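A.B. asks: Listed below, chain by chain, are the residues.
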Amino acid sequence: AQTVTQSQPEMSVQEAETVTLSCTYDTSESDYYLFWYKQPPSRQMILVIRQEAYKQQNATENRFSVNFQKAAKSFSLKISDSQLGDAAMYFCAYRSQGGSEKLVFGKGTKLTVNP
Amino acid sequence: EAEVAQSPRYKITEKSQAVAFWCDPISGHATLYWYRQILGQGPELLVQFQDESVVDDSQLPKDRFSAERLKGVDSTLKIQPAELGDSAMYLCASSYTRDHGYTFGSGTRLTVV
Chain A
135 AQTVTQSQPE MSVQEAETVT LSCTYDTSES DYYLFWYKQP PSRQMILVIR QEAYKQQNAT
195 ENRFSVNFQK AAKSFSLKIS DSQLGDAAMY FCAYRSQGGS EKLVFGKGTK LTVNP
Chain B
2 EAEVAQSPRY KITEKSQAVA FWCDPISGHA TLYWYRQILG QGPELLVQFQ DESVVDDSQL
62 PKDRFSAERL KGVDSTLKIQ PAELGDSAMY LCASSYTRDH GYTFGSGTRL TVV
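Sequences listed follow chains A and B, in order. Heads up, this note's numbering is the position in the first sequence plus 134, with the first residue counted as 1. Heads up, this note's numbering is the position in the second sequence plus 1, with the first residue counted as 1.
No lab work stands behind these hints, which were simulated from the structure alone. One or more of the hints may lead you astray.
As the list claims (entries may be wrong) - Simulated crosslink set (DSSO-like; lysine-lysine; CA at most 30 Å straight-line):
hint, chain 1, residue 1, chain 2, residue 2
1, B, Lys12, A, Lys244
2, A, Lys241, B, Lys12
3, B, Lys16, A, Lys241
4, B, Lys79, A, Lys241
5, B, Lys63, A, Lys241
6, A, Lys189, A, Lys244
7, A, Lys204, A, Lys241
8, A, Lys189, A, Lys207
Since the model is a prediction, treat every value here as computed from it, not as a measurement.
Here chain B stands alone, though its shape is the one from the complex (with noise of 0.2 Å):
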């Protein structure tokens, strides 16, 4: 069954410095979703794409985090800098068209110290 791959699994950086995740999402699937999720929290969107394009980004601060998807396919979400409060699961999703469910990466577990 396909999967949404992402890396690294698990991430410890330090305060300030800078950091990146990546996800690669179903072959066809032209919406992708970043969200975050903090330990004891339901999942919460940072940023959708449709195709290489940015749909929903209100939720991105904006200042310390940046997405891509430069050709529509995978995409890098980057925090730079990092600070304490940015440790969280980042997941990963994509979908084939609005009407199909979403299919979830296994996340990216952030730990910032």
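The shape of chain A in the complex, shown without the other chains (with noise of 0.2 Å):
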């Protein structure tokens, strides 16, 4: 079974700068696709961005980048010119190719954004 696991539970950063957030994951499947979602306090999950693991080129949203490692399974969001708004807690989830449409989640770092 594949697991998903982000190592700090919170994280702070000061308007304006950049934080990056981290997420290592176990599978054994070679194709599959990452995801970072961002749930804002008593408001809804949204897609922040997503990874397919057949590509090497690292994703990019906007302010939202991602370096994916495939051989070391490790999958972290890059936050640049941080906004208050961007205060949330951020989830890492797996999705396998084929079989399941199941997202597997981490247990999520929550974002301080500081004035």
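Hints are included, so try docking the two chains, each in its own frame, into the full complex.
C.D. replies: Take a look at the structure:
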């Protein structure tokens, strides 16, 4: 079974600075998807960024980018120019390419953005 | 922008009572998921529907939980009887195809007292 580990329960960053959230995963599969989801307090979970394992190029979405290291099974999220609205729980998630479509989540990292 | 609707938003129930949650996915989304998120943890899949059929309910505690999606549109998740350990956020999500990402609803926060 796949597992996802987020080793940083909490992180903080100053507004306008850069922060990196860590995620590692364990799988025996070669094809899969990785995701970062953001869950603001009392609000719905939204997709931040997605990476297909077969793609070597790291995904980027505006201020959000990932560092995908397939051999190391590492998938970190970098947030540049942090904004107050980035404060939230961030979840790393894994999904198989075939078979089950379920997402396997890590325990999350709570990000605080200080003004 | 289309949303996944869930109700109620909050629910407080006594131990041993029955409780039900409702989810209306985005129109046209064939796949519907119910996740449970215990405080301080990531969500875990309870049940997945493809249209009206259950695809995965391996983590659903079937002695007390049931889920249905009779017409392949909206869905109901029921707990009977509720236990203290069922206190959690219950999230519904839907997707158009497996190559598309999930859209999550705002969730139902259940407190069992």
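A.B. asks: Now tell me if each hint is right for this structure.
C.D. replies: Against the structure, the hints come out as follows:
no.: 1; hint: B:Lys12 - A:Lys244; in the structure: 25 Å, holds
no.: 2; hint: A:Lys241 - B:Lys12; in the structure: 24 Å, holds
no.: 3; hint: B:Lys16 - A:Lys241; in the structure: 27 Å, holds
no.: 4; hint: B:Lys79 - A:Lys241; in the structure: 25 Å, holds
no.: 5; hint: B:Lys63 - A:Lys241; in the structure: 25 Å, holds
no.: 6; hint: A:Lys189 - A:Lys244; in the structure: 28 Å, holds
no.: 7; hint: A:Lys204 - A:Lys241; in the structure: 21 Å, holds
no.: 8; hint: A:Lys189 - A:Lys207; in the structure: 14 Å, holds
Of the hints listed earlier, there is not a single one the structure fails to meet.
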